[in-house]
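Letter by letter, the chains look like this.
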Amino acid sequence: MTMLRHAAVIATKDLRSELRTKESINSTLSFSVVILLLFAFAFDPSPDMIAEFGGGLLWIVFVFAGALIVNRSFARELPNDCIDVLVSSPASGASLFLGKALASFVLLAGVECICLPAFGILYNVTWWRSLGGLIGVLALGTWSMACVGTFFSALTVNLRLRELMLPMLMYPILIPSLLSAMMLTNTLLTGQPIPSDFTVWLRLLIGFNIIFTTLSVYLAETVLVR
Amino acid sequence: MSGPAVAAAGVWKYFGDYPALRDVRFELGEGECLALLGRNGAGKTTLLRILAGLSGASKGGVAIDGGDVRASATRARVGWLGHSIGLYDELSARENLRTFGALYGVKAATISEWLERVNLSHVADAPVREYSRGMRQRLAVARAFLHGPRLLLLDEPFTSLDDKAIALLQGLLAAARADGATIILSTHQIREAMELASLVALLDRGKLVHYGERTTEMLNDPGYLYRTYGSAA
Amino acid sequence: MDERNITFMFYGLAVAWGLLALYAVLLGLRERDLTKQLDTLKRMVEEKK
Amino acid sequence: MRTKIILALGAITLPFLLRNLHMIIFLVPDDLEQGPVYRIFYYHLPPYFVAAMGYFTAMVASILYLVKKDQKYDAIAVSATEIGLAFAAVNLITGMIWGRISWGIWWAWDARLTWALIGWLVYFGYLVLRRAIDDPTERAKISAVLSIFASASVAITYKAIEWWRTQHPGPVLSIRTGGGTLDPAMENMLYENTLALLLLGAIFLLVRLRQEEVQREIDGLRRFVHAGN
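Respectively, the protein sequence lines represent chains B, D, X and W.
Residues in the first sequence are numbered consecutively from 1, following our numbering.
Residues in the second sequence are numbered consecutively from 1001, following our numbering.
Residues in the third sequence are numbered consecutively from 2001, following our numbering.
Residues in the fourth sequence are numbered consecutively from 3001, following our numbering.
Treat the hints as calculated values from the structure; they're not laboratory data.
Here a beta-carbon is modelled for each residue, glycine too, at the ideal position from N, C-alpha and C.
Be aware that one or more of the hints could be misleading.
Here are some, though not all, of the chain B residues that point toward chain D, as calculated from beta-carbon distances under 10 angstroms [unchecked claim]: (1) A8; (2) T12; (3) I35; (4) V85; (5) T190.
To spell it out: a stretch of chain B is covered by chain W in this simulated footprint if at least three of its residues, at any positions, have a beta carbon under 8 angstroms from a beta carbon of chain W; those stretches are [stated by the list, open to error]: (6) 55-67; (7) 103-114; (8) 160-169.
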């Protein structure tokens, strides 16, 4: 329907702008790989240590990468007041938000596709044994970050201390989804499928995504019409 | 079919406790052209932004053809040109127009036609960052007129344009006027804008102190309106 | 019960009351600051008239 | 008029709190295993209720602000959040002191303590965001949206942390456990102290609300003076 069509237009515009300027991709990628290296130096983890906190470590890298990417999401509209043109177009606030969240999701997924093999090499983890489950959990976790992150990027776009404010607001609110993602990724990295008592985390992650996507889509219009 | 009627019914806009707009009330008929005058900070931009659905009125409201300004169908017919050009520097002219055009459902042929009309087709695929000021302004005008808007909201359109761009904009506005579109443009008392206007409104510290026909004296003597209606300060 | 148990009880009670008292003091400070601002502004308005 | 209510409430609450304190230290029966330190519990659980009430009021006020756009609800939201944070701090730190004795470590990753800390972080972010926005109308709208997001997240976190780890003793109140685990005298004191702290919270709320109104008046006057009209 038209909302999704408008969202797609905004998403392709965002991705094209990003691929042309690479203003957030470069910094995010190098930043993520550096963190992976630092952890390797700091812990020099043995395989069973990896089984215990591999998922946590991976998600810490993704969370930092996420904050860098979503920070630029609405900031990109400020030069030349492009935000005014978008808001005055027939596209609703919700489709603007969805388009931007989609673009951030794709960028973040790109960074993850590079970090995961790097993680596998640095910590010699055969992460692809239960690949299906892993991709599912990564997608859910990444969407929760893209959704909440992009919404808060819209919320804080006009503030002075935006770079500082966004992560500070975003991280505590994302704790339930990050916690679930870390628990699930931990077991999936070691190759076993999600154990029965862990399905509760999967339900939490899915519930979190549903609640916050609806809230964001519903409140986007209020936030964007200044 | 002629452009929509625009009505403001007791619009108040507060920035905190500061009334940027105080009980602004007017009805603009279909196909009319209103010149919105006033000093800096009188509330011209605030009123235009509310009419374009960019910000909400604290009290009262505006209606375009009786409809809500945030309704998608209404906004599909509105053309907005703000102070800055509203284009992406990293994208080319064609990509910019294609992105905005897609939101209004504009076909590719119209886009190249408009690139031709503002004679930018020779640089259509270079990023806007490399354009001269005049070229950027012409592209901004093309973006505002791209989807054939029936209501044009222009915020001091003439102030930063070079001569070629002013001539282009005047031609387009005259054509739109002839075609029955409704136009509201805020201006710093520049003659070009006054010639087009059929109605004139004067805002003074948020209050609409005058709204009526544009007379010839106003055209010849820019200060006339401020002396007769504006407050001394 | 070892002696530490009782002392920690007093720590706990002290912290509870202390924090609430601290918040009350903060409110009081803000109250004074607000009234001061209000008075200076009112005087400025009088002078303008 | 409101100052009269505040003073009247104060006249009731302060002696009530002192009486409770006296009873808690001397009269309430001892808990056999934990010894006197369990008495901190009367200042650990009740503030948790008051904080939760504060956060809930803030959420409702924020929703009402978005619907009705009346600055009054924004004032209630910020005051309720601030008071929620104050009582949550009491809950958090008393919990840590109590934990120090019963578990032997300052910070046990116990479900309720962790949840209280996360809630504190989320709503502290709310206050910091408010300070970063100058225009009151804009500030009210953005904080209302943030408050709704915050309360949704804090609610989900409650469940998440619960599943994650809980060393916290199970619910002790008879209403929750169907009676029996707590000595009735202890339980009555819990309710009484909760009531006393709720009254104190109400006083703080009224004072804070009046301060918001004074702040609005100041902003209005300052604009009037600067606008020079």
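So, going through the hints one by one against the coordinates:
1. A8: 9 angstroms, holds
2. T12: Because about 8 angstroms separates T12 of chain B from the closest Cβ in chain D, which is inside the 10 angstroms limit, the hint holds.
3. I35: Hint on I35 of chain B: violated, closest Cβ of chain D at ~28 angstroms, above 10 angstroms.
4. V85: 4 angstroms, holds
5. T190: Given a least distance of 43 angstroms, the restraint on T190 of chain B is violated.
6. 55-67: With 0 residues in contact (Cβ-Cβ under 8 angstroms with chain W), the coverage given for the stretch 55-67 of chain B is violated.
7. 103-114: Not satisfied, violated; 0 residues make the cut.
8. 160-169: Coverage by chain W holds here, the residue count being 5 at a Cβ distance below 8 angstroms.
Hint violations for this structure: numbers 3, 5, 6 and 7, all remaining hints satisfied.
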